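Enquirer: Fit chains B and C to the given chain A structure using the hints.
Chains as they are written, first to last, in our numbering: chain A, 1 to 656; chain B, 1 to 656; chain C, 1 to 656.
Be aware that one or more of the hints could be misleading.
Pairs count within a copy or across copies, as identical chains cannot be separated in the list.
What the hints assert, rightly or not - The calculated DSSO-like cross-link candidates involving lysine-lysine, where the alpha carbons are at most 30 Å apart (straight line), are:
no.	residue 1	residue 2
1	K119	K374
2	K559	K374
3	K643	K84
4	K167	K84
5	K84	K162
6	K122	K384
7	K377	K621
8	K158	K473
9	K158	K84
The hints are simulated quantities; they were obtained by calculation from the structure and are not laboratory data.
Everything numeric in this text was worked out from a predicted model, so none of it was measured.
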Amino acid sequence: MHFGVDYYPEHWPEDRWAEDIRLMKQANFNIVRLAEFAWTKMEPVENEYHFEWLDKIISLFEESNIKVVLCTPTATPPKWLMDKYPDIYPIDEYGHVRGYGSRRHYCFNNETYKEYTKKIVKAMANHYKNNKTVVTWQLDNEFGCHNTVRCYCDDCEKAFQKYLENKYETIENLNEKLGMAFWSQTYYSFESVIIPRHTVCDYKEGKMLAHNPGLWLDYCRFASQSVDDYAALQIEVLRENGVTVPITHNFMAKFYDIDYNKHAKLYDFVSWDCYPNIVHGPFDDIMEVSFQHDMMRGYKNRKFWIMEMSSGPGGWNFMGRAPDPAQLRLWTYQAVAHGADGILYFRWRPCLFGTEQYWHGILDHDGIGRDRYKIIKQVGAEFKTLESIIDRTENVSEVCMIRSFDNVWSHDYQWHSQGFDYNQILSYMHIALSKLNINCDVTDFSHDLSKYKLVIIPAYNISTAENAEMLRKYVKNGGNALITFRSGNRDEYNKINGLTIPGYFRELAGIDVINYDALGKDMIKIKGVTGDSLAAVWADIIDQKDCEVLAAYDDCFYKNSPCITKNSVGKGTVYYMGCHTDVDTYQKVLKVITENIQTTKLVDKAVEGVETVYREYGDKKALFVLNYNDYNVSINILVPVKKTVHLEAFGVTVIY
Amino acid sequence: MHFGVDYYPEHWPEDRWAEDIRLMKQANFNIVRLAEFAWTKMEPVENEYHFEWLDKIISLFEESNIKVVLCTPTATPPKWLMDKYPDIYPIDEYGHVRGYGSRRHYCFNNETYKEYTKKIVKAMANHYKNNKTVVTWQLDNEFGCHNTVRCYCDDCEKAFQKYLENKYETIENLNEKLGMAFWSQTYYSFESVIIPRHTVCDYKEGKMLAHNPGLWLDYCRFASQSVDDYAALQIEVLRENGVTVPITHNFMAKFYDIDYNKHAKLYDFVSWDCYPNIVHGPFDDIMEVSFQHDMMRGYKNRKFWIMEMSSGPGGWNFMGRAPDPAQLRLWTYQAVAHGADGILYFRWRPCLFGTEQYWHGILDHDGIGRDRYKIIKQVGAEFKTLESIIDRTENVSEVCMIRSFDNVWSHDYQWHSQGFDYNQILSYMHIALSKLNINCDVTDFSHDLSKYKLVIIPAYNISTAENAEMLRKYVKNGGNALITFRSGNRDEYNKINGLTIPGYFRELAGIDVINYDALGKDMIKIKGVTGDSLAAVWADIIDQKDCEVLAAYDDCFYKNSPCITKNSVGKGTVYYMGCHTDVDTYQKVLKVITENIQTTKLVDKAVEGVETVYREYGDKKALFVLNYNDYNVSINILVPVKKTVHLEAFGVTVIY
Amino acid sequence: MHFGVDYYPEHWPEDRWAEDIRLMKQANFNIVRLAEFAWTKMEPVENEYHFEWLDKIISLFEESNIKVVLCTPTATPPKWLMDKYPDIYPIDEYGHVRGYGSRRHYCFNNETYKEYTKKIVKAMANHYKNNKTVVTWQLDNEFGCHNTVRCYCDDCEKAFQKYLENKYETIENLNEKLGMAFWSQTYYSFESVIIPRHTVCDYKEGKMLAHNPGLWLDYCRFASQSVDDYAALQIEVLRENGVTVPITHNFMAKFYDIDYNKHAKLYDFVSWDCYPNIVHGPFDDIMEVSFQHDMMRGYKNRKFWIMEMSSGPGGWNFMGRAPDPAQLRLWTYQAVAHGADGILYFRWRPCLFGTEQYWHGILDHDGIGRDRYKIIKQVGAEFKTLESIIDRTENVSEVCMIRSFDNVWSHDYQWHSQGFDYNQILSYMHIALSKLNINCDVTDFSHDLSKYKLVIIPAYNISTAENAEMLRKYVKNGGNALITFRSGNRDEYNKINGLTIPGYFRELAGIDVINYDALGKDMIKIKGVTGDSLAAVWADIIDQKDCEVLAAYDDCFYKNSPCITKNSVGKGTVYYMGCHTDVDTYQKVLKVITENIQTTKLVDKAVEGVETVYREYGDKKALFVLNYNDYNVSINILVPVKKTVHLEAFGVTVIY
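The shape of chain A in the complex, shown without the other chains:
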């Protein structure tokens, strides 16, 4: 297992390096990440490369047997480069240059920048390809951070036109497929097509809201693809120049501008930057982090790293709350439980200058390691005894949830109802499952569903007949599915398909949605298996035909219309949920469903604030039990053994 820290030797005098490494070694670290923002240190003047300092620090790490994740520094193009080629800067939707003075000031489609990228990456590859201490490469840093995936420069517009020409072949086909007849927006050539930017109908806040939804979706895909292409270019240079160790990139949570399902394919493994930042928040908030872990694991369906793990309060202009040191331990175990087999804390010591002076780390500004250092050192020691569990067992879930980035983008552009939030719908259900002590994978339709007892398909609007057919087979063979409102009715061009709702899934669900009510901020009464609860955001008004009704509205002109239904299909069952609700009510619904389909019980009775994560490999079985409460608890677990487990405040244990 990799356990270490993100380190910036370029920020500290060389005479401090040895002391830092001594303290790292003492903390049981075996890996550090280096150099992701150090371009000017490596190439202060064009073509003058200076790797001496980096060689030196790497050899010091080698002496201590600490390995290195080496990064390409392309997130921070040097000022000499920007002054020579100012068209590298990204452009905002009003035409303003997004200028110098921070980071990520480049456009992914700028050809000049691609050439300079190749040069620096090649120089690094050649210099370090045979260095045994460098065991992994990270590309750039947090692609797309600061809203940089979507650029509005001329290079991007031309590249977008090419992308569309490749896809649609004729402009007539584009006009037809995207419905450009609306508002006379018919284009007469691919060169006449624009990137959706500042128009007459923009709302005051400057969000682009009035463009053709299909063109917008294509632009989202194109922009995401541009990042894929840029990353692929770096990987190609690394491989062509002799780099053979794994390559990764640090993904971000709650970031939706890159199709990570696609993007993850580029890398040997996924890593991500995990900042729970929840110190006094409710249990639901930290379970949202578990959802993120499961998403990250799902992108490649394999273990992942945390490339930046929170080790203190973060902040640029102001900081967040200080974590109890015990929480740092708990969050680390949470990551590992959900599949992390690499943990690097961010950062070693907070910088004395620059934008991130207030992004704290393991040491304090004065270079002293206090309580945060002590607890992390302890975690390192514990992980040595848990190494076989961490490295060999895999997460096993009986439930999975289907999600796609086409739907992320479509829902983001047209959110149906005030308060509608695609991610919230998924996370509420995932949190509800966590509270029922049921583990849940997050995946897409490209993976094998047959191993699951339940497949959840929330708000899956952009969909195909193939999706429905795949699901039909799965259910006929005894699988179970839960489909929700806003599913089945958009095609790949973001057009509404004109089928009776829920469109492709109508036959499976066995219902017709004959009207609907975008509730916005209003809540309305429902009753049934949910008890007396409230629907929120959306209400499908349902003609249930032959289905069983699990819950119905108790409000409005559609009082008594069903809102949750159940339909038998072959050996399996299809549930349909016509409304959004709160986590508690989702929990009631999912309890009924999972009892029906008899998922495995991990605990005898759920305890508020306690999460259980199940792992196995062959006969080896392990249960991570995590207490997010700031008080002691006991819980009766049922697997891998029947046992009462006692946990301290923020305590954690692994039963195996």
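Expert: Leaving out everything else, chains B and C in the frame of chain A:
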């Protein structure tokens, strides 16, 4: 009576057209609106006109004896035109191009665009002038929507300079009349005058707040006049090329950038787009819609059409609440009661693509007509039996309210006190009257006031000695007037006239306002005919001289100063109201006044949520009784006959 | 004592002037301010000077023995100048021109504008240098108002590069001192350094947040220095052309873009524009105004003028609440009590046109003086009897507070914790002292501290070893200090100095801060001398070593850690306060401290809403007693004599 729907045949395959027309006919429709966004369909390439598709659909309508409102398509200039002449785009106040991708992307003062407008309008006029099915033309669509009246391009600036030169003749005169001495803003030539745009003193939100108020007002007038000129140009082309049927344009509610009092003069009748969008709102909200109907009737003092009548939830990126189908019927009757003799629902079927995918219509996305279709069909049947009432009787009011666009713009730029809202003051009084079952016209000083028992002049600040003289004559002859705070003290140049408040109306009101207090969000106690109530937003501190005091302040350093007074002038009475308040308190004040002056009682006792609208023509008298409650009610009406009327939830009846 | 009004003869017909002067004389006025926006009136066309009108009004004032403050008119460059040299306009951070139509539309670093400034100032100086009625000059008007200190034009960028070159000499030195290694921001020449403007990492609100904090601080200093230079240029022209009378400028409250400590050195005395705008606010709000008076007195450590004293509701687009006339008297006495020996009300009569139509004055729009005129006239009469107190006695405080603009800017850019507000911390303590009837100077480290019993150093982060040494000497000799959280840890380059917190002040305070918690909007419990209170915004977690603990946290994982400590150093004491709190709790802490160190008691027992300000000169002692309540109070004062004082609502008395 015209009863129909807005239809977009260009969005649907031709093989669907016949079915749509069959369903329309079945719904009792006799008119459709066509083509307002179909420029590229009619002229896909410059000078290549294609009217075949439009001819075809019109002839299909002709076969079914459904008439057509034909629109000029100038709201959506084609991309080929914009690429050829990019200076057509409007410019925002920062100099950004308001670009392609939605609609209304043209400047009203662009000469090139005027030429292309003439060409397409002429082509349509020539093609359809003799078509008997085309019974009305609509110009463009919603002039000024999306904040497009005011443009900041060089063409506009030059046209504005010309406008000012015509008005002021010499720059010295402009400097003097507008008070350019303030902050050294003296201009040295008309060419040196600017459109008020982004300055040093802008607040962060980007609203232009610091310019000279007189220049701002002239700019508002100029921009409104530019729209008049552009519309007049289209009308001229239509008439010169043989179009003889009526011409209209679809006005908007709560839109204030065009002086509709002036603009309405261009058309044969006014039509407007009515989206009550009030599903769960209080009675006051829907009475605000009645106020809008009365305003629209007032612009030409004659009946009007609803060119777009809400037929379902609307929305671009998200939708609003779904109406109870019974409400669609109620809202249609409300429009008719207030003077609509044409109703076209928007829209037939929601589009499967484009910005307005979520703007719903009579059918659903799947092309099926469900509850909304059924109720509209029923309304169509009912209107056949009411045709003579709808077509022949006229609204008759004993009260009227005076409003001007100069005051709209002046109050909008300098709103006196946080929370001051000119439209709210008028609408609160109008709503209060509705709740007292008193009908009220909305008009301006150009109309004959002698027929009214009461004339209300709220916040009429930009005013003239002639206004006061006209009012004096009216009151001397037995009329009654209610004047409010913020009246009588600005001249036509938006300068304060320096008279003791209320300026021109001071003699009529018989008071001096010796101080005032901009209450902002604070509320202060008042007492008198209002009972113990609260003043809001504004408090005039009054020296009442010989007037009767109806209410006084019970708060602040001016405790016991009068706030509402009554002054006898000749055979009539002038009331003055020095503060704003809530609808309930306005109702108390207006009850006292209307009882004093003995307006006709339509009902024995008001019932919450029930509106009554009186109409007559010769001996023919009719009372529309409308129940906005979602429960049954009874009400005792006094005209045209004494009778108890029972109404269902959202029910309506016409007694005649 | 100077007592008068701001007057704009250029806004009124000449035949009104005599009447205005008659009314001013009657109101006991002896001074007026003239001409600060009258450039086009003086030079309507380039090089054509017209001083006739100004000569005429000044001679009328001379006849009435009313003196004149004459202003340079550079706040409003004429349109003829802007059209000739459009590069004078300031540029915003996106590159937009901040255009014509309001005021302050010039860049302080534009060389052309400096030349035109010299020309107009020279012309005025030559014309008026010998005029005996002109007794003071005011430069421009409110430098920096409307966010105009910081400009983003090329001239500014070049000047900034020069400024940096002068300061750092080599680019390597700049890179090193500012920490440009962070994010590869190394500059390769001074010409490559930018003004911090729109970058990739800007938050949506457009605040620049991601730049290097050191470069940002240098830019703040440079921009402030640019204003100093521009003012110095005007002063030089005035002096070189024979002006010998005092020169001042009107400062602003709650304005932080100019280092007023430095800027004040340019002038003979400070004046400022005082708009309490508090009509119904709590006592704390009006005590904030007292804090501002004390700050203004502190800039030169001498008496000041109020160049614009509120005389009615103010507002551009809307107005604030109307003051009770008695409050106008009270606010005037408040200013005088804190050291004002010149009072000019803003304004004489509200303008009938222009942006400030709603900025009210002593007369009303109709030219009549009502209650506001009467009370001000009365104040003028009273001041004649108080002249020797006002002119001869000086404010005497036993407590002082240290504040610097480097810290204003550093805290403004990185505010540590949501809700952290440097000014609020100072003002809360100052208000707490006011409520304890303890007077407090506000100053910086350049002044002699030895005369104070207590020196308060709140959030003094940018600091030096010299500051600490100076304080050490002061305390060793028997002085007392109160240091707070966020002090002692930044160097002059806005870098964190890496010392254990509180850095330079650590030895004095006798503690180590071993962790901290940015509380944001959360509040946590504390106990001790504060009673059961709440800490807000920030919590230092303290290892108190040998100190006495005055209060400790009663919450969170650091429960029982000290939050307020006391350390003996030589003959004196150093208190450390590790958290922010509310005014009440600060009052409790400061009560304990001031009782310990035995400050003089001005009153027997504090009375809510009553302020006491002590003054003396030799044997002459005076106490201003001010009642901010809208009801009568009595208070037992102890100096200069033991006595019970009775005050009416908003009443004031001076005991001497």
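Enquirer: Now tell me if each hint is right for this structure.
Expert: Hints versus structure:
1. K119 with K374: Neither: 42 Å inside a copy, 69 Å across copies.
2. K559 with K374: For K559 and K374, only the inter-copy Cα distance (19 Å) is at most 30 Å; the intra-copy one is 59 Å.
3. K643 with K84: Classified as neither: same-chain Cα gap 67 Å, cross-chain 78 Å, threshold 30 Å.
4. K167 with K84: between (35 Å within a copy, 26 Å between copies)
5. K84 with K162: Both: 27 Å inside a chain and 22 Å across chains, each within 30 Å.
6. K122 with K384: For K122 and K384, the Cα distance exceeds 30 Å both inside one copy (37 Å) and across copies (81 Å).
7. K377 with K621: Close inside one copy (27 Å), not across copies (66 Å); limit 30 Å.
8. K158 with K473: neither (43 Å within a copy, 69 Å between copies)
9. K158 with K84: Close inside one copy (22 Å) and across copies (19 Å); limit 30 Å.
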